[in-house]
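Enquirer: On the provided structure of chain A, position chains B and C as indicated by the hints.
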Amino acid sequence: MNRARMLATASVLALLGAGAQAGEVRMMWYSDGIEGEVMQDLLNRFMEENPDINVTLDNVAYQVIMEQLPIQLASGEGPDIARVTNLKEQAEHWLDLTDYVEDPEYWRTNFGDQFDWMRPDDSDIIPGFMTQLTLTGGFANATLFEQAGVAMPGEGATWEEWVEAATQVQESQQTAGAFSIDRSGHRITGPMISYGANLVGEDGKPAPLDDAAKAFITQLVQWTDEGKNLRDVWVSAAGTTYIPGADEFINANIPLYYSGSWQIANLSTKIGDAFDWVAIGSPCGDAGCTGLPGGAALVGIKYTQNPEDVGKVMDFLAREDIVKEFSERTLFLPAHKGVVEAGGLNFQTEDPSAKAALEAFVGFTGTIMPEANAMPAWRYANAVYGGMVNRISQAMAGEMAVEDIFARIDSDIAEQVAAADQTK
Amino acid sequence: MRPATSAGAVVTAPLRWLARATDVPLSAWQRLTGQRGMIALFLLPNMAIFGIFVLVPLVINLLYSTTGGTEFFLSDRPQVGADHYARLLDCGNYLDPNSCRDDMFWIAVSNTARFVFFQVAVMTLAALITALILNRALPGKGFWRAVFFFPVLLSPVVVGLIWKWILQRQGLANLFMVELGLEPVNWLTDRLWAFVAAVGVSVWAHMGFYTLILLAGLQAIPRDLYEAAEMDGTRPFRVFWRITLPLLMPNLLVVIVLSLIRAVQIFDEAYVLTGGGPGTSTMFMTQYIYEVGFANLLRNPGLAAAASILMACVLIVLTLLQLYLSRRSGAK
Amino acid sequence: MIRFLTRRRGATGDGHGWHWTDIATWVWLIGGTILMFGPAVWLVLSSFKTPAGLAEFPPTILPYAQETTMLGDQAKPLFEVTLEDGITVTMAELRRVGIVAQMVPPDQPDAEPLKININDRTPVRQMDFATENYTQPFLQFDFVLFLRNSVYVTVMATIITLLTNSMAAFALSKYEFRGRNAVMLLIVATLMVPLSVILVPLYSVVSAVGLINNLWGVILPTVATPTGVFLLRQYMLTIPDELLEAARMDHASEWQIYWRIVLPLAAPALAVLAIFSVVWRWNDFLWPLVVLSRRELYTLQIGLNSYAGELNVQWHFILAMTVVAMIPVVLVFVFLQRFITAGIAGTGLK
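Protein chains in written order, with the working numbering: chain A, 86 to 509; chain B, 15 to 346; chain C, 879 to 1228.
Worth flagging that the hints you see were computed from the coordinates, not collected in a lab. A hint or two may mislead.
Derived lysine to any residue pairs resembling SDA-like cross-links, with alpha carbons at most 25 Å apart [said to hold, decoys possible]:
(1) B/178 <-> B/140
(2) A/440 <-> A/459
(3) A/409 <-> A/195
(4) A/173 <-> C/1189
(5) A/509 <-> B/323
(6) A/409 <-> A/130
(7) B/178 <-> C/1038
(8) B/155 <-> B/240
(9) A/290 <-> A/170
(10) B/155 <-> C/1038
(11) A/290 <-> A/209
(12) C/1052 <-> C/1038
(13) C/1052 <-> B/46
(14) C/1052 <-> B/31
(15) B/178 <-> A/483
(16) B/155 <-> C/919
Just so it is clear, the structure is predicted and the values come from calculations on it, not from any experiment.
Bound-form chain A, shown alone (with noise of 0.2 Å):
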């Protein structure tokens, strides 16, 4: 019995003790393609760099940033670093390295820009800063506009001009459809901006929908029906499962295709030379012509025991080189002010198509509306997003009228709101 007690105690101990040794530095980190690789690339030499500190790269599914991260940071607990993506509401989670980074004032400068996006509002923390920044927007399939003789619209050119030109793709070279969205309320959001709407209420709560955001919706729905908008992709799910229509542009399926930078490197893998692909940004509306910014962000989780190591590691990447070298090996568009306007990024890539896509999309971000700029610091974009998707693909599968998703919409958001604001 003794015995028995002695060896529980042990592993109790033992237990207690696989906490925090000092020097020890866990990240946790999803990838969509190579990130990871690059990622422990770097932490190697960081590694080198500083022999008395031990950085482990958990590489998890993005399941479980989104669905198990949350739950362990609600009970104090968690890795030393994360890259995420929900970013404003977890905000509180995250630590305030100002007093671990060796120059707060260089990371305000080259990141200050997205700080709001990841801090609790009224605040003035450096959470930490974003691996990549993403914009929405369109790729054509130049091949396929080439041989169904249809010029591609210049620019400035609106959607309704872009999804006519498309259908006549559609029509002379037979595709399954004229263009597609991604099935996700970020995508559509860009676009309704565009159209004037304004989804933020005078309390910064969701605003019912306006007549812009109205109109949106309902061509996009009517769109489906006529076979221009690809109905798979909208169709094949309830609720708020995100699906892309990558697919289908991959396989000339679609001469059009409404997504954003992430998929340059995707594209470029598996379309190959089997076409030739344009990023044309986004089309316009009667307010704008605007993407949405978004990306994921490296933070330090405020539970660590080790934040003098977090901030090492943190200065480490965020050092200009190291963000310079990470952008051109990933082929993800930089965050930090100096990269982008020192310019001169060499996107490792031997594909034609994609290099000229990420430039594209480097210029692209001037024409991002005010209102698109806000929304990755608006705690509700997700609860919008979700709201939307869910009830747009039932009008599109036909289960409801357009008219009638509207105060659908407005009440599960409504819904949401008050269930998420309910505090002790």
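Expert: Same frame as chain A, now just chains B and C:
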């Protein structure tokens, strides 16, 4: 049964060693506490684990359903009483989900009810036919059994994925349809076909298990009953109705009730396969709970818990039904 | 039909030739084989496709890659080209601009390139297995470590499941005591509470016990399976009480009765539970995903899922690793499948 015993010996060998080592203290325990002490001892490990990891979470879940907000831990959550239940049950007309405050919940309920009905019916029938066929004298018996049991081994996520690739618009199934000169079918984006696909894939994945239960029952039917019937010149269909079916009834009941309970909980395969679409036509209860409690970015765990409690009530009714029926049919 | 219901001697054994039921039987069996195995075989074949091959519509059955030829020091893709005069020849593509491809015959790389509309050519393809889907994860992904964790979880969980479930089943089947029915009812009532329903509360319990990021946090919540207790109890009810009485006469302790008499006799049911437990624990996904977030603790199912990102999923790696993870389960099945039938037949599920 012989070979099974020898395999059992391999499985239990380390346990035997453990048992021998624990013999002395446990005999002492029996002398000290008598048989009651031993019963407690036998039950303790299982019930302790069961209590901590099943019962306690269930109770917490009940408490959850009366609290609101997005926080995960009970101590951070405000009391809202029966609000969630009121919201879920607030309906103008229970047969029309559109008249309900939470129409998604009721859509999920009615989809699940339809799914359970068709899935159980189709699967029981398919399993019965397969069991009847496997009960015949066939060359390579073990192989055929293995064939039909094989999908049971796959994880539900893999099952969903394989079939998604086969059934998608330009998937393998439509490739064959075109080869055969038929029109391609929108398997996953047509309301009716998507439902059929969800039922079919779930039957595909689970049928093998139930086939074996029925096969066990068929093999236990005494052969002389059939021989007597044949001598009396009884017509084959009559033999099936009068001998096979009644004697198979206990197994059939087990199959129906077990598959019923499973079907109510359908999630992974269907979620991967159709995502609940097109529209909401294959969105089932567990998906609703998962979306509300986890997947939505403004999650509402209290509402999800309330929905799960309502679902658990249905499950408990079904389980009690199973107990009642199996007792009535004479199984122990 | 009677023959259909009873015959056990072979379809043509009694000299009557082929009855329609024989034909129906074979149609069902062969159709069933295609339907049951086909999808899995295709999954294995697909795991050898490149990312582009996987994204291709309509899909091919076998993995293909375009053939290339070396022109100078560069590999150039080969196409079947239909020329204006209707003759079909194989040509290599030098480059493509828009819808016009510049092509040369592969044996005359220096010939004047022909300008061909891309609709007039089809790629020449050959079977090609993208083995890098397998080798690459083996290099970057601690396969051996994940495998060890998976085996550890599966073996430990199965042993504990067998031990605790059989003890409980023994008590519930062979002793009369107050509250027995209540315990049984409790177990059966929770027979099928879906995990996704109690995920958050279970997480807080496991976290309170301090087992987050610990393999035992994966093992313990799964071992008290109501299904196992139920299965074993039903089987043990068929063991005659006289055997136990005789042993008591010989002064065997209750513990000895349990492990010397009841366990060996319940072996077929234990084998069934062992097989199911191995399959369940091996395939477990949702729960380990919630408990384990450190890579040194990943099981295979969690490890392979780290290829699922936010915006892209690297299907080629996931498929390949799924196939690898399937192998042990299939092996267990191949070696033990006859016990499954024998065991279910005997578990009193009749």
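Enquirer: Is residue 409 of chain A within 25 Å of residue 195 of chain A, Cα to Cα?
Expert: Holds, because 13 Å separates the two Cα atoms, which is no more than 25 Å.
Enquirer: With the threshold set at 25 Å, check whether the alpha-carbon distance from residue 440 of chain A to residue 459 of chain A stays at or below it.
Expert: violated, 28 Å
Enquirer: Check the hint pairing residue 290 of chain A with residue 209 of chain A against an upper bound of 25 Å on the C-alpha distance.
Expert: With a Cα-Cα distance of about 22 Å, the restraint between residue 290 of chain A and residue 209 of chain A holds, given a limit of 25 Å.
Enquirer: Does the alpha-carbon distance linking residue 290 of chain A and residue 170 of chain A stay inside the 25 Å limit?
Expert: holds, 21 Å
Enquirer: Are residue 155 of chain B and residue 919 of chain C close enough, with their CA atoms no more than 25 Å apart?
Expert: holds, 21 Å
Enquirer: Starting from residue 178 of chain B, check that the Cα of residue 140 of chain B is at most 25 Å away, please.
Expert: Holds, at about 22 Å.
Enquirer: Given the hint that residue 155 of chain B pairs with residue 1038 of chain C, does the C-alpha gap stay at or below 25 Å?
Expert: violated, 33 Å
Enquirer: Just to be careful, I want the Cα atoms of residue 409 of chain A and residue 130 of chain A compared with a cutoff of 25 Å; is the pair within it?
Expert: holds, 15 Å
Enquirer: Would you mind confirming whether the straight-line C-alpha gap from residue 155 of chain B to residue 240 of chain B stays at or under 25 Å?
Expert: holds, 22 Å
Enquirer: Measure nothing beyond the straight line between the CA atoms of residue 178 of chain B and residue 1038 of chain C; if it is 25 Å or shorter, mark the hint as holding.
Expert: At roughly 36 Å apart (the allowed maximum being 25 Å), residue 1038 of chain C and residue 178 of chain B break the hint.
Enquirer: Measure nothing beyond the straight line between the CA atoms of residue 509 of chain A and residue 323 of chain B; if it is 25 Å or shorter, mark the hint as holding.
Expert: Since the Cα atoms of residue 509 of chain A and residue 323 of chain B sit roughly 23 Å apart, the hinted pair holds (cutoff 25 Å).
Enquirer: Given the hint that residue 173 of chain A pairs with residue 1189 of chain C, does the C-alpha gap stay at or below 25 Å?
Expert: holds, 19 Å
The structure does not agree with the numbered hints 2, 7, 10 stated previously, though it agrees with the rest.
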